[in-house]
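Novice: Residues per chain, in single letters:
There are 2 protein chains.
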Amino acid sequence: MIGSFQAVRPWAEVLRACMLGICLAFGMATAGRAEDDSDPLPSWNDGEVKQAVLEFVKRVTTEGSPDYVAPAARIAVFDNDGTLWPENPLPFQLIFALDEIRRLSPEHPEWQDNATIQAAIRGDAGAIARSGLEGLAEIIAVTHSGMTVEDFNARVKEWLDRARHPRFQRPFQDLGYQPMKELLNHLRAKEFKVFIVSGGGIDFMRVWTEQAYGIPPEQVIGSYAKVRYQLQDGHPKLIKEAAIELVDDKAGKPAGIHRFIGRKPILCVGNSDGDQAMLEWTTIDHSPSLGVILHHTDDEREYAYDREPKSSGKLIESLEAASQRGWVVIDMKKDWNRVFSE
Amino acid sequence: MIGSFQAVRPWAEVLRACMLGICLAFGMATAGRAEDDSDPLPSWNDGEVKQAVLEFVKRVTTEGSPDYVAPAARIAVFDNDGTLWPENPLPFQLIFALDEIRRLSPEHPEWQDNATIQAAIRGDAGAIARSGLEGLAEIIAVTHSGMTVEDFNARVKEWLDRARHPRFQRPFQDLGYQPMKELLNHLRAKEFKVFIVSGGGIDFMRVWTEQAYGIPPEQVIGSYAKVRYQLQDGHPKLIKEAAIELVDDKAGKPAGIHRFIGRKPILCVGNSDGDQAMLEWTTIDHSPSLGVILHHTDDEREYAYDREPKSSGKLIESLEAASQRGWVVIDMKKDWNRVFSE
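Just so you know, the sequences run in chain order A and B. Everything in the first sequence is counted per the numbering used here, starting at 1 for the first residue and increasing by one. Everything in the second sequence is counted per the numbering used here, starting at 1001 for the first residue and increasing by one.
The set of hints was computed from the structure by calculation and includes no laboratory data. Hints should not be assumed to be uniformly reliable.
Said to hold, decoys possible - SDA-like cross-link-like pairs, simulated, lysine to any residue; straight-line CA separation at most 25 Å:
| no. | chain 1 | residue 1 | chain 2 | residue 2 |
| --- | --- | --- | --- | --- |
| 1 | A | K193 | A | E100 |
| 2 | A | K314 | A | W111 |
| 3 | B | K1226 | B | E1150 |
| 4 | A | K237 | B | A1212 |
| 5 | A | K250 | B | A1242 |
| 6 | A | K193 | B | A1243 |
| 7 | B | K1226 | A | A242 |
| 8 | A | K226 | B | K1157 |
| 9 | A | K250 | B | K1157 |
| 10 | B | K1157 | A | I284 |
| 11 | B | K1181 | B | P1216 |
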């Protein structure tokens, strides 16, 4: 896994660090005016939502502002599925799991008597759904445990290389929302430290988040199961086991934030009721702070949904709470002039 | 908790970032020669150990070196108790717990029938030891759970303000080893990201590691128990519970590293057999990498111990493995000309 990070061009790193120094030096001389001259969010349409996001970032990063926040405390958290990339027609990690079951099934004759796994092989979403959380746990267990962490990473990489989204016909890791990538860049330019806080699997995400979003593995929080260390013939191994330790969704999200980051974010971005607890944790009794919800309203360019009875996409309570809490709601159709990169 | 980080002087931050840019720009022009002209580790005596540490850092950070490692992959992990600060006469977190029990006992008449807690109040180390892991767990439970994370942080801060080390008569957080603080600074100057990986409690450490070592909360990994999120009368709370989720010691250390960081460190520093698994995970089948062990050999300035039958300080197997594995062993008495800051 280290190999891929060593591939980062060292000169680019040095140049970027120097640019940062130069930009900051300029910032001192021009008192932060540089930001007014450009548009850090070109894929966002002008309007209240874009204004509210930019104004918040400016307010907490402007020296002398009563809401100024020191760089060390500029923590931002983003959900992933449905917030940074799509979650339809199924969460992409589940598509990975189903593809893996099909790939591995010839080696597992014992799976022939397993109704859930056979439904997975047939791609029978209805039967999988009827198998409930238990069935889902089984699908995740057989594809996400019983191997070393390196083996799992290699499997995810191989899948990303060959898999394509069924509608957009692009590699999944190329489907990060362009407006969100601009926001991530803007936050980093303003010395925010950005974390993903997702219900998805932590090991699954860490394989590709650095390339896709510029977010390094140590800033990715997700659901996880136990890993077990052992020396095998003198070689150190970490084995992925099936016992779930954190479901990083709903009330699990503030718990995950506390566990991994240890301080409250000042900015939280999500898209479903699964994000409500971390929106509350970030914003209630905590100022300055901003909560943002992405509302999927664009069936032409992406998907339109909110009231579906599936837990990953449901956006009912959080949308109702938004006006009371002062959370900003992005209307994808109205507020974004582009959804994906070219 | 955010408040303390906002207190960081913003101008100092800007200046430091500019200095970094300038230093890096210089680095490009002088091809890394600046390091030869100064001594980043003045509290380390010249010799093989200092040489090995500096040489490793230089090797992995010099462009064009076959062992060059890109900044993103320069992960270093340090144990805390006995590696960054002392662990005698007792691990400092245990001293905190015993002090807390004494402070809280008037409010808990039900503790009068509890032999372990009464031993804690008397400071009867023998009786506490005889109560075993179960007794220890009880002492930790009554002092580390049943309150919000903010309440716990406030308790640790108050204790740090008033408590003094029984021998050195200094606040505990002032007892970070000066040579290790120099090494941390040197690593950061060379764009390493430094994490603590300790058997100690994650929440306990995060209160003071930024001030003591310059290590922010999100780079502190330790043992932890469950936290439970709830809205209490509309206010978001995280409650610390007693159920242990990770014992970040021995085989738990590579697991904690994988869970929190998601990639292998290239530098691992520890001082006991509790650190052996993470030394193995860092260095075996993984090059370039360096393992370092601090051997407590200095009874005059600090403590001399290694074979004591207490798990936190025992250094037997790791010391035997060091020569086979190529781990560098710091002899505190010989290799450090200073242990604490003035």
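Novice: None of the hints should be skipped; say for each whether it holds.
Specialist: To see whether the hints hold, each was checked on the structure:
no. : hint                 : verdict
1   : A:K193 with A:E100   : 34 Å, violated
2   : A:K314 with A:W111   : 32 Å, violated
3   : B:K1226 with B:E1150 : 15 Å, holds
4   : A:K237 with B:A1212  : 33 Å, violated
5   : A:K250 with B:A1242  : 21 Å, holds
6   : A:K193 with B:A1243  : 30 Å, violated
7   : B:K1226 with A:A242  : 19 Å, holds
8   : A:K226 with B:K1157  : 32 Å, violated
9   : A:K250 with B:K1157  : 30 Å, violated
10  : B:K1157 with A:I284  : 24 Å, holds
11  : B:K1181 with B:P1216 : 14 Å, holds
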